[in-house]
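Visitor: The chain contents come next:
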Amino acid sequence: RKEVEQDPGPFNVPEGATVAFNCTYSNSASQSFFWYRQDCRKEPKLLMSVYSSGNEDGRFTAQLNRASQYISLLIRDSKLSDSATYLCVVKALRNNDMRFGAGTRLTVKP
Amino acid sequence: EAQVTQNPRYLITVTGKKLTVTCSQNMNHEYMSWYRQDPGLGLRQIYYSMNVEVTDKGDVPEGYKVSRKEKRNFPLILESPSPNQTSLYFCASSYILAEYNEQFFGPGTRLTVL
Chain A
1 RKEVEQDPGP
11 FNVPEGATVA
21 FNCTYSNSAS
31 QSFFWYRQDC
41 RKEPKLLMSV
51 YSSGNEDGRF
61 TAQLNRASQY
71 ISLLIRDSKL
81 SDSATYLCVV
91 KALRNNDMRF
101 GAGTRLTVKP
Chain B
1 EAQVTQNPRY
11 LITVTGKKLT
21 VTCSQNMNHE
31 YMSWYRQDPG
41 LGLRQIYYSM
51 NVEVTDKGDV
61 PEGYKVSRKE
71 KRNFPLILES
81 PSPNQTSLYF
91 CASSYILAEY
101 NEQFFGPGTR
111 LTVL
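Line by line, the protein sequences give chains A and B.
Per our numbering, the very first residue in the first sequence carries number 1; after that it's consecutive.
Per our numbering, the very first residue in the second sequence carries number 1; after that it's consecutive.
Honestly, the hints are just simulated from the structure, not real lab data.
Remember, it's a predicted structure, so these values are computed and weren't measured experimentally.
Nothing false has been slipped in among the hints.
The calculated BS3-like cross-link candidates involving lysine-lysine, where the alpha carbons are at most 25 Å apart (straight line), are: (1) A/LYS45 with B/LYS71; (2) A/LYS2 with B/LYS57; (3) B/LYS57 with A/LYS45.
All chains should be built: construct the whole structure from the sequences, respecting the hints.
Guide: Dropping the structure here:
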């Protein structure tokens, strides 16, 4: 079983749609959680951290359920520029160890 | 500008010909790491370094070497490349004493071993 599992997609949605991505992780010692965004052939970049109480950044909302070891990302009012692969990342403090999901690919269409 | 740089960006080589991919960061980060990215497998860690002269194996270290003689540089060395090392490689850096520390990635090196 992979340490971080994501639905690979692809998700194809029209502009303006709401889309949700899910992620599960297996290491209960994981302490920090993130969503990274990766454009085609580019490097991953931090989209947002995921805090225990859930957090929002504009159209993006992240949720964490530690009991179920589950993380989600909700994108509202999708834009064409949201098309990318979204990587779920969990970190254990020991050795700054970050584990990446394989990513969920999103395409937003006009 | 704060950044992680990698060179070369693209490389085609032949089996057995030693190569080095350089990585440099200008953010004074203690932590540096190398990953490879393959379709369907996500990012897998090759080696990491917690500080100068401190390096350790990640999940897929076989066939790779690293060194950390200076804080800003973390080269990846393939002594005898093989076709199964064809991949997209990313260097990353971050601070370590923070729970929510962002990892900054270099632009990637696309390596093909024939």
